[in-house]
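Protein chains: 4
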Amino acid sequence: MTAITTRSDVTVQLVKASATDSDVATAARVSTIGGSHERVVDLERDEGLINFLMRDRHGSPFEHTSLTFYVEAPIFVAREHFRHRAGWSYNEESGRYKQLQPVFYVPAIERPLIQVGRPGAYEFKHGSDAHFARTAANMLTAYEEAYIAYEDMLQAGIAREVARMVLPVGIYTSYYATCNARSLMHFLGLRTKSRWATFPSFPQQEIEMVAAKMEDRFAELMPITHEAYNRNGRVAP
Amino acid sequence: MTAITTRSDVTVQLVKASATDSDVATAARVSTIGGSHERVVDLERDEGLINFLMRDRHGSPFEHTSLTFYVEAPIFVAREHFRHRAGWSYNEESGRYKQLQPVFYVPAIERPLIQVGRPGAYEFKHGSDAHFARTAANMLTAYEEAYIAYEDMLQAGIAREVARMVLPVGIYTSYYATCNARSLMHFLGLRTKSRWATFPSFPQQEIEMVAAKMEDRFAELMPITHEAYNRNGRVAP
Amino acid sequence: MTAITTRSDVTVQLVKASATDSDVATAARVSTIGGSHERVVDLERDEGLINFLMRDRHGSPFEHTSLTFYVEAPIFVAREHFRHRAGWSYNEESGRYKQLQPVFYVPAIERPLIQVGRPGAYEFKHGSDAHFARTAANMLTAYEEAYIAYEDMLQAGIAREVARMVLPVGIYTSYYATCNARSLMHFLGLRTKSRWATFPSFPQQEIEMVAAKMEDRFAELMPITHEAYNRNGRVAP
Amino acid sequence: MTAITTRSDVTVQLVKASATDSDVATAARVSTIGGSHERVVDLERDEGLINFLMRDRHGSPFEHTSLTFYVEAPIFVAREHFRHRAGWSYNEESGRYKQLQPVFYVPAIERPLIQVGRPGAYEFKHGSDAHFARTAANMLTAYEEAYIAYEDMLQAGIAREVARMVLPVGIYTSYYATCNARSLMHFLGLRTKSRWATFPSFPQQEIEMVAAKMEDRFAELMPITHEAYNRNGRVAP
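Residue numbers (my numbering), protein chains in the order written: chain A, 1 to 237; chain B, 238 to 474; chain C, 475 to 711; chain D, 712 to 948.
Be a bit skeptical, because a hint or two may be false.
[Unchecked claim] Result set (DSSO-like, lysine-lysine): computed pairs, CA atoms no more than 30 Å apart in a straight line:
(1) B:Lys253 with A:Lys213
(2) C:Lys667 with C:Lys490
(3) D:Lys727 with D:Lys924
(4) B:Lys253 with B:Lys335
(5) C:Lys490 with C:Lys599
(6) C:Lys687 with C:Lys490
(7) D:Lys836 with C:Lys572
(8) B:Lys450 with C:Lys687
(9) A:Lys125 with A:Lys213
(10) C:Lys599 with C:Lys687
(11) B:Lys253 with B:Lys450
(12) A:Lys98 with A:Lys125
(13) A:Lys98 with B:Lys362
(14) C:Lys667 with C:Lys572
(15) A:Lys98 with B:Lys450
(16) C:Lys687 with C:Lys572
(17) C:Lys687 with D:Lys904
(18) C:Lys572 with B:Lys253
(19) B:Lys362 with B:Lys430
(20) A:Lys98 with B:Lys430
(21) D:Lys727 with D:Lys904
(22) D:Lys727 with A:Lys16
(23) B:Lys253 with C:Lys687
(24) B:Lys253 with B:Lys362
(25) A:Lys213 with D:Lys727
(26) A:Lys125 with B:Lys253
(27) D:Lys904 with C:Lys572
(28) A:Lys125 with A:Lys16
(29) A:Lys193 with B:Lys362
(30) A:Lys16 with D:Lys836
(31) D:Lys809 with D:Lys924
(32) C:Lys667 with D:Lys809
(33) D:Lys836 with D:Lys727
(34) C:Lys572 with D:Lys924
(35) D:Lys836 with C:Lys599
[Stated by the list, open to error] Facing chain B, from chain A, some residues (calculated, C-beta under 8 Å):
(36) Phe52
(37) Phe76
(38) Val103
(39) His131
(40) Leu154
Just so you know, these hints were derived from the structure itself, not from any lab.
Every value quoted in this text rests on a predicted model; they were computed, and no experiment measured them.
A virtual CB, placed ideally from N, CA and C, is assigned to each residue, including glycine.
For reference, chain A alone in the conformation it holds in the complex (with noise of 0.2 Å):
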């Protein structure tokens, strides 16, 4: 039997990206002055103007960019990132064509484990080192008594599709994921926690895993549009 491996982070790598604060800039320019697409890069004035988008909640100027990232995690956050449907494309690995490998995740020891109070209120504690202990056995166990009913039926024979109705949501899948400026932000406002935010979210942490790492990009790609979204209570245009 194959060994299993664990994990306690997602990856998110930018695979590649046309996305500048002069896109929605240049963009939105076409509103007022029309006629003419020549790409001014002028800074100054692309702050005033993309403040202003996002303050009066202009979206479609952030549609003009593109960003494309790979994405390991597990099942479970995957299931939770494709329910955002509308500027987001994604192709995932496919347990129909290949077998997947079997590499899981286990809380950190710093996850908060302990859930408190009622849904819609819910906040998290950590645990005791009993309660991490208890955990982590507990995963540990089911996902090898998984994996070796998958590799089993695989020997056997059976299809990938059916063997692998047995696998965890823990297990980690891979997928590549392209949105736009706006349809990022409008993922950031739900699955992360911040000061910022004028309407708070209560993220899963390992999805807030995967949009932190999101965000950082987005950042270093588009400080300007970054900054005027925290500023404007992080609310997507």
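Based on the hints, put chains B, C and D in the right spot on chain A.
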């Protein structure tokens, strides 16, 4: 420990619909008549118009319809379903907000288990009794072990969103899915096999079970549209 | 030559709807209850749930609804309307397939005609009687001249799709528009002015006339949702 | 009065693109390889894969691309273009924020002017010299009268958003349009005529002029995809 239950079927219920052949014809006629929206229910004239729209791929008139389904299916099926973004809305049972019930999918004896061929051109064949027995045994063991681990973590106070990581994609989930006739036809084109299809598709059998039940309801609600769809190669307009 | 007609209003008729507060609550409850779709019409409990969904911006439950409107409005209004892509479907009277009727928009006497300020911060003021008269006179002349040219070309056998090029954007068109409660709220947020709005918008008055009539129907069909929308700053969830 | 200008063409410029055949192949391979996103530029292998994706209508890999165009075209063309919602983003010159320039469309002498047949099955034929002269004369008169009325209102201080109501749909506008290869192929399928097309379309010639220029850029950027598109009946996957 809670005993697990297995199922080999899916539930698809039509919760509500605002979807008739006449809706399509009425919306389409605004192009050529305009200025009046009298709903003339004249099925004979509608039939010619709907056939024309389907054949020449005028898709938008089919969008003025709405069908809401309630579905119970394994997570691996929901995962495929939720890839359909345009014209589809979803709300799903959440493993963060509630304990998932121990109901799991096991293939029925008729389900072909053996995969032959290469990516893009697979065929499925029936396995022997031994194949079926080995599949069932592996699944039952893996499902039970996973649910034992899940309940053990929940009893220890671990958050549901953490404990669920061990649950397999064969566990049942439930969701509401709302679509229109156009997005439904697109879904059916990719998720069913049919001798009427101009473009053959290769859906996994379990999502085809969902699609087939949706198609039954669709055919009852919109018989003219459904027939035109078949007659025109099951290509969504 | 056909005499032209002028209008200063818009027509918005609710053609059909499958949209109740209970639809929202039922779809939302699948997250926390799952496994049952009994539609418990319990408006008191629904109210709390819908307020929670609106406040925390859980938008998807509002999508399991459908409203179809028939609209008569000038082309410049339809142009703004059709910019709304997500969750909206349209079918419009076609200048390729039929002769457009000589019905044109002229602002009512109450419509502010004078624009003061700079891009992004305009205000509108009422003009004098002379302003109104000059506007009306210019419009009537231009509309008549355009329609004379249009009919002359049609009588000479010129294709409708060519002849229509002279028609002004003030001519009336008609269309069907289908949306769901979420996409409607997004539209209302951008196309109405309201003292309840967290984010102020600056719509042109003529599309606001369309939006206001849609909002009336919406408020009748889904009173709890509508009130929660106002109470939460008219930000579409 | 400002003299008017006429044009018989459209402007389509590729502003920027992140769109190669290799992008498609790389995204597609995650299904079968997963766990690695090395971009192996291997055009021979890409060709087979892209053909397979196109033939079997696996559309999502084509979405990890982005093309931004700047377009100058008459309003009646922009109106048709903006009907394409899925995978398209637009920003357009605004008649509310700026004075529109007096540039108008007049058909070139080669443009068929006479429409023969019935709805759904029109054919266009060349008119006589008299047809052309009558069209040109009517258009010039109507365009001039409209622009005179427009400027007269502007000079009287009437708001631009009001004065523009008299402007004809033959006036030029300008816009940015961003799409991906999949949404572009869908657009091309409906807005071009081609002997390769499985499903014939009947676009108005003026939007076909826009589509043709976009297709040229697309074919240069993604030659393998473009050829596969033609070879598979120009049906967007």
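Each hint, compared with the structure:
1. B:Lys253 with A:Lys213: 41 Å, violated
2. C:Lys667 with C:Lys490: Holds - the C-alpha atoms of Lys490 (chain C) and Lys667 (chain C) are around 26 Å apart, at most 30 Å.
3. D:Lys727 with D:Lys924: 15 Å, holds
4. B:Lys253 with B:Lys335: 26 Å, holds
5. C:Lys490 with C:Lys599: 38 Å, violated
6. C:Lys687 with C:Lys490: Holds, because 15 Å separates the two Cα atoms, which is no more than 30 Å.
7. D:Lys836 with C:Lys572: Holds - the C-alpha atoms of Lys572 (chain C) and Lys836 (chain D) are around 18 Å apart, at most 30 Å.
8. B:Lys450 with C:Lys687: Roughly 38 Å between the alpha carbons, so the hint for Lys450 (chain B) and Lys687 (chain C) is violated.
9. A:Lys125 with A:Lys213: Roughly 23 Å separates the two Cα atoms, so the pair holds.
10. C:Lys599 with C:Lys687: Distance ~24 Å between Lys599 (chain C) and Lys687 (chain C) Cα, so the pair holds.
11. B:Lys253 with B:Lys450: 15 Å, holds
12. A:Lys98 with A:Lys125: Outside the cut-off at roughly 38 Å; violated.
13. A:Lys98 with B:Lys362: 18 Å, holds
14. C:Lys667 with C:Lys572: 36 Å, violated
15. A:Lys98 with B:Lys450: Roughly 29 Å separates the two Cα atoms, so the pair holds.
16. C:Lys687 with C:Lys572: Holds: Lys687 (chain C) and Lys572 (chain C) sit about 27 Å apart, inside 30 Å.
17. C:Lys687 with D:Lys904: 41 Å, violated
18. C:Lys572 with B:Lys253: It is violated: about 36 Å lies between the C-alpha atoms, which goes past 30 Å.
19. B:Lys362 with B:Lys430: 16 Å, holds
20. A:Lys98 with B:Lys430: 22 Å, holds
21. D:Lys727 with D:Lys904: Holds, at roughly 26 Å.
22. D:Lys727 with A:Lys16: Between Lys727 (chain D) and Lys16 (chain A) the Cα gap is close to 14 Å, so the pair holds against 30 Å.
23. B:Lys253 with C:Lys687: OK: Lys253 (chain B) and Lys687 (chain C) at ~26 Å, within 30 Å.
24. B:Lys253 with B:Lys362: 38 Å, violated
25. A:Lys213 with D:Lys727: Roughly 26 Å between the alpha carbons, so the hint for Lys213 (chain A) and Lys727 (chain D) holds.
26. A:Lys125 with B:Lys253: Violated, at about 42 Å.
27. D:Lys904 with C:Lys572: At roughly 22 Å apart (the allowed maximum being 30 Å), Lys572 (chain C) and Lys904 (chain D) satisfy the hint.
28. A:Lys125 with A:Lys16: 38 Å, violated
29. A:Lys193 with B:Lys362: 49 Å, violated
30. A:Lys16 with D:Lys836: 48 Å, violated
31. D:Lys809 with D:Lys924: 27 Å, holds
32. C:Lys667 with D:Lys809: Status holds; Cα separation ~22 Å.
33. D:Lys836 with D:Lys727: 38 Å, violated
34. C:Lys572 with D:Lys924: 29 Å, holds
35. D:Lys836 with C:Lys599: 50 Å, violated
36. Phe52: Where the cut-off is 8 Å and the nearest Cβ of chain B is about 31 Å from Phe52 (chain A), the hint is violated.
37. Phe76: At 6 Å from the nearest chain B Cβ, Phe76 (chain A) passes the 8 Å test, so the hint holds.
38. Val103: 13 Å, violated
39. His131: 6 Å, holds
40. Leu154: 10 Å, violated
Going down the numbered hints, you'll see the structure goes against 1, 5, 8, 12, 14, 17, 18, 24, 26, 28, 29, 30, 33, 35, 36, 38, 40, while the others check out.
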